[in-house]
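Undergrad: Each residue of the sequence shown is one higher than the one before, starting from 1197 at the first, in our numbering.
Take the hints with a grain of salt, since some may be wrong.
Claimed, not checked - Taking lysine to any residue pairs in the SDA-like style, the calculated list, with each CA pair at most 20 Å apart, reads:
1) K1269 / E1245
2) K1307 / M1292
3) K1307 / S1427
4) K1258 / V1244
5) K1401 / A1380
6) K1258 / I1276
7) K1269 / V1247
8) K1269 / L1252
9) K1258 / P1342
10) K1258 / D1349
11) K1307 / L1335
12) K1269 / E1257
13) K1307 / R1334
14) K1307 / P1418
15) K1269 / E1236
16) K1258 / P1246
17) K1258 / A1285
18) K1258 / E1245
19) K1258 / R1280
20) K1307 / D1349
21) K1401 / D1413
22) K1307 / W1424
23) K1258 / E1236
24) K1307 / G1382
25) K1258 / A1347
26) K1258 / R1233
27) K1258 / R1229
28) K1269 / G1241
29) K1269 / W1239
30) K1269 / E1234
31) K1258 / A1286
32) K1307 / S1320
33) K1307 / G1357
34) K1307 / A1422
35) K1307 / L1360
36) K1269 / V1244
37) K1258 / E1284
38) K1401 / D1412
39) K1307 / V1207
40) K1401 / R1255
Hints were generated in silico from the structure; no laboratory data involved.
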Amino acid sequence: MTAGTSGSTTVANFALICDCDGVLIDSEAVAARMLVRELETRWPGTDVEPVVLPLLGLRIEKVLQGTAAQLGKSLTPDDIDAIRRAVEAAAMQAPMVEGIEAALAQVPLTKGCASNSFRPYVESVLARTGLVRFFGDRLFCADAVPNPKPAPDVYLAAARGLGLAPSRCLVVEDSVTGVTAASAAGMTVLGFIGGGHASDAQIDKLHAAGARHVFDDMQQLPELVAQWTLSATAATAAAP
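Given only the sequences and the hints, what does the whole structure look like? Please build it.
TA: Spelled out as structure tokens, the structure:
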């Protein structure tokens, strides 16, 4: 059974939720380069990349605070705001993840986006790339919940907004932070490592964080969704 053969009743009972950066938009590598450049400009002679890269997936503010703390440096609130704006401006120009548009077009489930970024940024990049047509206003962002990822808040908000139990939501995430959040919300998670920032070492990390399956090509997504929909439907039917 493929994604296109699911019955309409079954399809309506489940949803696909995608992270934005690194899943829809290939922006994580762009963001990382800008973060490193901005910090090394402020802290000449400091090698920040080994500290920044493991923190990707957290809110930009958390990445900056964590990097400063680990290196014994400081950033003013104005620094943090300026760096966040620079990173978002750079990421705004990043391309779609290769194959994502065709993959989403083949998935018949309702689709939502759950991001650790602020809503204005998510709206802008989805509008610029045209991916907004798959999501409409089903955008759930960190600035609308008490706690960002890795807390489950944004995914629980997504489930409420979609009117579905978390167990009926399948998530695609590219970071340990995001996989942790979706798993904590009680959702099944697919880990994606095909973005420009991904590495083979990420596979084990995503599995350890709770990803059921890790894949590297968006052409695989429709079939992975179809397989999950079948198993989730069977599990629902078997429940007392």
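Undergrad: Would you mind marking each hint as holding or not holding in the structure?
TA: Structure-based check of each hint:
| no. | hint | verdict |
| --- | --- | --- |
| 1 | K1269 / E1245 | 14 Å, holds |
| 2 | K1307 / M1292 | 17 Å, holds |
| 3 | K1307 / S1427 | 19 Å, holds |
| 4 | K1258 / V1244 | 15 Å, holds |
| 5 | K1401 / A1380 | 16 Å, holds |
| 6 | K1258 / I1276 | 10 Å, holds |
| 7 | K1269 / V1247 | 12 Å, holds |
| 8 | K1269 / L1252 | 19 Å, holds |
| 9 | K1258 / P1342 | 14 Å, holds |
| 10 | K1258 / D1349 | 16 Å, holds |
| 11 | K1307 / L1335 | 9 Å, holds |
| 12 | K1269 / E1257 | 15 Å, holds |
| 13 | K1307 / R1334 | 7 Å, holds |
| 14 | K1307 / P1418 | 13 Å, holds |
| 15 | K1269 / E1236 | 11 Å, holds |
| 16 | K1258 / P1246 | 16 Å, holds |
| 17 | K1258 / A1285 | 18 Å, holds |
| 18 | K1258 / E1245 | 15 Å, holds |
| 19 | K1258 / R1280 | 11 Å, holds |
| 20 | K1307 / D1349 | 18 Å, holds |
| 21 | K1401 / D1413 | 18 Å, holds |
| 22 | K1307 / W1424 | 15 Å, holds |
| 23 | K1258 / E1236 | 17 Å, holds |
| 24 | K1307 / G1382 | 17 Å, holds |
| 25 | K1258 / A1347 | 13 Å, holds |
| 26 | K1258 / R1233 | 17 Å, holds |
| 27 | K1258 / R1229 | 17 Å, holds |
| 28 | K1269 / G1241 | 12 Å, holds |
| 29 | K1269 / W1239 | 8 Å, holds |
| 30 | K1269 / E1234 | 14 Å, holds |
| 31 | K1258 / A1286 | 18 Å, holds |
| 32 | K1307 / S1320 | 18 Å, holds |
| 33 | K1307 / G1357 | 11 Å, holds |
| 34 | K1307 / A1422 | 14 Å, holds |
| 35 | K1307 / L1360 | 12 Å, holds |
| 36 | K1269 / V1244 | 11 Å, holds |
| 37 | K1258 / E1284 | 15 Å, holds |
| 38 | K1401 / D1412 | 14 Å, holds |
| 39 | K1307 / V1207 | 11 Å, holds |
| 40 | K1401 / R1255 | 19 Å, holds |
Violation of the numbered hints given earlier is absent; every hint is satisfied by the structure.
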